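Engineer: Chains A and B, in that order, give the protein sequences.
Everything in the first sequence is counted per the working numbering, starting at 1 for the first residue and increasing by one.
Everything in the second sequence is counted per the working numbering, starting at 1 for the first residue and increasing by one.
By construction, these hints were calculated from the structure, which means they are not laboratory data.
All of these numbers come straight from a predicted model, not from anything done at the bench.
Glycine included, C-beta positions come from ideal geometry on N, C-alpha and C.
Any given hint could turn out to be false.
[What the hints assert, rightly or not] Taking CB as the label site, the calculated pair distances span:
1. B:86 with A:85: 37 to 45 Å
2. B:29 with A:85: 25 to 33 Å
3. B:83 with A:75: 50 to 58 Å
4. B:82 with A:22: 15 to 23 Å
5. A:28 with B:2: 32 to 40 Å
6. A:11 with B:93: 35 to 43 Å
[Claimed, not checked] Computed cross-link-like contacts, PhoX-like style, restricted to lysine-lysine with a CA-CA straight-line distance of at most 25 Å:
7. B:119 with B:30
8. B:119 with A:12
9. B:24 with A:48
10. B:27 with B:108
11. A:48 with B:119
12. B:108 with A:12
13. B:108 with B:30
14. A:48 with B:108
15. A:29 with A:12
16. B:23 with A:48
17. B:27 with A:48
18. A:12 with A:70
19. B:27 with A:12
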Amino acid sequence: MIVSNLEVVPGKRIQTHFGLVQGSSVRAKHVGRDIMAGLKNIFGGELKGYTELLQESRQEAYDRMLEQAKAIGANAVLNVRFSTSSVAAGAAELFAYGTAVILE
Amino acid sequence: MIDLIIFMSLLALGYGFGQYTEKKHYKSIKQRELILRSVPVIASRIPPHGNPNFDSQLVSGSVVISVDYFKRFIAGLRGLLGGRITSYESLLDRARREAILRVKREAKDLGAEMVFNIKLETASIHKGRGNAIGSVEVFAYGTALIPN
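With the rest of the complex left out, here is chain A:
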């Protein structure tokens, strides 16, 4: 499975377009991490817990997108975009979408 955020893949031609595939994940942060974040808000610096949390949930959104692409028989997802939106206080939605295609 080729995943790329370019519109074309160098050296390969697109055979079939399947249209949009997408995946999303909504996560809330937990209290332990929030306390650490509160401390870091005084001292400054990287919030490793949050970085990991967001990475995990982005990965989940990404995996769901790939699942969808596999289910319709695509072998590549092109022009992938990520977006983040806060749904409620303390919760964020991570969203990934792209075009599923078959490459020659």
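Once you've looked at the hints, dock chain B against the given chain A.
Structural biologist: What follows is chain B alone, placed relative to chain A:
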């Protein structure tokens, strides 16, 4: 009185640790930028023509950085007077450069020659009092072109 003492010590702690971590972070950013200079990151959408012998793969990097107490206080004052808020500028600058460095790191580990179509996304994660920015997340992603 007690409140004032707590406030002043928080400011002092924030200033001390904040300056220290920022300096350390900038130093490590500059060092790693030198090491990873061999992997150029390009914002163009169109991959290079002529040489089709590339594998493409999505690479990404993200970081969440928090501003310290002192800087947030200064930024609050700036909110009254208007003008540039340098403390947030350096925060965002550090976050973006760090995210791009993580993209480059991943690309280099894959043996990529360059990273195309880099996109940067910024989200404020933790809102402090009065909607002040507590911490920002920067997420960078692009397509690594790996010679095969």
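Engineer: Now, for every hint given, state plainly whether the structure supports it.
Structural biologist: Consistency of the hints with the structure:
1. Checked against the hint of 37 to 45 Å, the C-beta distance between residue 86 of chain B and residue 85 of chain A comes to roughly 29 Å, which is inconsistent with it.
2. A C-beta distance of roughly 29 Å is found between residue 29 of chain B and residue 85 of chain A, which places it inside the suggested range of 25 to 33 Å.
3. A beta carbon spacing of about 53 Å between residue 83 of chain B and residue 75 of chain A agrees with the range 50 to 58 Å that was offered as a hint.
4. Range check, residue 82 of chain B to residue 22 of chain A: Cβ separation about 41 Å, and the 15 to 23 Å hint is violated.
5. Against the hinted window of 32 to 40 Å, the Cβ-Cβ separation of residue 28 of chain A and residue 2 of chain B comes to about 34 Å, which satisfies the hint.
6. Distance hint check: the CB atoms of residue 11 of chain A and residue 93 of chain B are about 37 Å apart, consistent with the given range 35 to 43 Å.
7. As the CA atoms of residue 119 of chain B and residue 30 of chain B are separated by approximately 21 Å, the hinted pair is consistent with the 25 Å bound.
8. Taken as a hint, the residue 119 of chain B and residue 12 of chain A pair is honoured in the structure, with Cα atoms around 23 Å apart against an allowance of 25 Å.
9. Restraint check for residue 24 of chain B and residue 48 of chain A: the C-alpha separation of about 16 Å stays at or below 25 Å, so the hint holds.
10. About 21 Å separates the Cα atoms of residue 27 of chain B and residue 108 of chain B, which keeps this hinted pair within 25 Å; it holds.
11. For the suggested pair residue 48 of chain A and residue 119 of chain B, the alpha carbons sit about 22 Å apart, so the restraint of at most 25 Å is met.
12. Proximity of residue 108 of chain B to residue 12 of chain A is assessed by CA-CA distance (about 23 Å); at most 25 Å being required, the pair is judged to hold.
13. Among the hinted pairs, residue 108 of chain B with residue 30 of chain B is consistent with the structure: their alpha-carbon atoms are about 17 Å apart, no more than 25 Å.
14. Between residue 48 of chain A and residue 108 of chain B the CA atoms are separated by roughly 22 Å; this keeps the pair inside 25 Å, and the hint holds.
15. A hinted pair counts as satisfied when its Cα atoms are at most 25 Å apart, and residue 29 of chain A with residue 12 of chain A does not qualify at roughly 42 Å.
16. Taking the CA atoms of residue 23 of chain B and residue 48 of chain A, the gap is near 18 Å; set against the 25 Å cutoff, the hint holds.
17. Straight-line distance between C-alpha atoms of residue 27 of chain B and residue 48 of chain A comes to about 19 Å, which keeps the hinted pair within the 25 Å bound.
18. Among the hinted pairs, residue 12 of chain A with residue 70 of chain A is consistent with the structure: their alpha-carbon atoms are about 19 Å apart, no more than 25 Å.
19. Of the supplied pair hints, the one linking residue 27 of chain B and residue 12 of chain A is violated, its CA atoms being roughly 42 Å apart against a limit of 25 Å.
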